[in-house]
Amino acid sequence: MRSRMLTLTVALLAGAAPLLTPVLLPRAQAAPTDWHLCAPAETESCIVSITANGQPQGAAVPGVARDYAWVRSTADPRKIAFGVSHNPTGDGPVEAETDEVDPTVTYRLRVRTGGFFVDEVAGRFRDAGYVQDLNSYDQSGYEFVVKFRPTPVHDLAAGCTVESCTDAPADQELSGFALGYARNTYQAPDVSPQERRYLAGTFRATNAQDEDFNSDFVKHAFKVRLANPSHTGSGAAARTAYSVFLPNSYLGMVLEVPFPRQLRSSTVLAWRTIGLTTVRVPVTAAYDSYLGGVRFTFSGPAAPLATYTVKAKPTTPGRARLYGARRTGPHRAYVSYSEPYANGGKPITGYVARCHKPGG
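When the letters of the sequence shown are read in order and numbered with the numbering used here, they come out as residues 296 to 655.
These are computed hints drawn from the structure, not numbers from a lab.
Computed spacing ranges between beta-carbons, pair by pair: (1) L571 to A370: 33 to 41 Å; (2) P488 to G410: 20 to 28 Å; (3) P488 to S561: 31 to 39 Å.
When the alpha-carbon atoms are kept at most 25 Å apart in a straight line, the in silico PhoX-like pairs for lysine-lysine are as follows: (4) K608 to K518; (5) K518 to K374; (6) K374 to K442; (7) K608 to K514.
Quick caveat, the model's predicted, so the values are computed rather than measured.
Even glycine gets a Cβ: it sits at the ideal position worked out from N, Cα and C.
Sequences and hints are given; from them, build the entire structure.
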């Protein structure tokens with residue numbers, strides 16, 4: 296199998312970040328550079344630990360073929376790349392390694408980024424999750440931890456993007472592949488100031504060859520365009536896999552979901568559009584109380600180009616929106632309410648308040 300390193304711009308935000316103003320300090324690396332294990336005094340651009348199925352990865356052994364997880368800086372100072380490659384000789388550089396890796400292994404990477412605040416993560420892998428926090432060693436900078444497993448992919452010979460993708464047979468069928476980026480969106484030129492407020496904390500994982508995530512502030516939905524090589528060499532359809540974690544801030548401001556804990560798979564609508572045909576598709580929605588948000592997951596056969604649209608169903612109020620109450624007279628009270636709409640943007644047109652004597 297010929298060696299090839301695919302490039303995917305991905306973005307995923309930290310789930311649990313400290314209450315500090317995210318900043319991006321100048322980085323020394325101007326070109327792609329592999330990171331090394333941290334020395335005791337190092338606080339930036341180094342790896343604290345890498346484990347595979349809970350075991351330390353260890354150093355390369357010449358002549359021993361195995362999979363290696365790696366982290367590196369990129370030419371873009373706003374991005375850090377990470378992934379897994381197979382080294383058939385055990386001693387070659389990352390660029391000489393092949394793409395296919397074991398899809399059953401779970402990797403955990405902990406890296407020190409110093410003043411670089413990661414607020415968006417995405418890539419071609421599965422079962423992923425990540426957390427941003429302060430350096431627990433000496434509080435001198437940021438660290439982030441990412442966990443993931445490689446995902447099967449099907450790559451097209453002619454290339455495949457969200458703008459153009461053909462039905463050509465797959466050029467490569469890889470049982471396992473992993474490549475992602477951690478990004479700082481606050482200084483990314485392709486992210487609007489409005490999006491920066493809501494994207495912090497998002498995490499995306501897919502097997503698509505290319506993907507594009509967009510927020511629809513008018514229809515209160517998010518849209519995902521996937522360029523997935525959906526035909527294997529035998530002509531059988533591959534299955535598109537996609538999951539995204541959206542924080543509470545995004546759910547409230549974009550999807551009009553003031554109470555994310557009430558979201559369930561049954562209260563979410565999803566459509567898939569291929570060409571001029573749009574059909575309803577199932578989507579799984581699961582709330583994560585630790586990270587504070589909802590993970591959406593969907594899968595199914597798809598043509599090379601597909602657009603998924605997801606929004607919350609308009610639902611009745613799940614609980615009272617009492618904001619405050621105070622007595623203004625012997626038989627009078629002033630009551631105020633918050634959140635004039637329910638999940639999915641359904642307006643609340645009336646409130647009822649009843650008073651009773653203390654103790655009964």
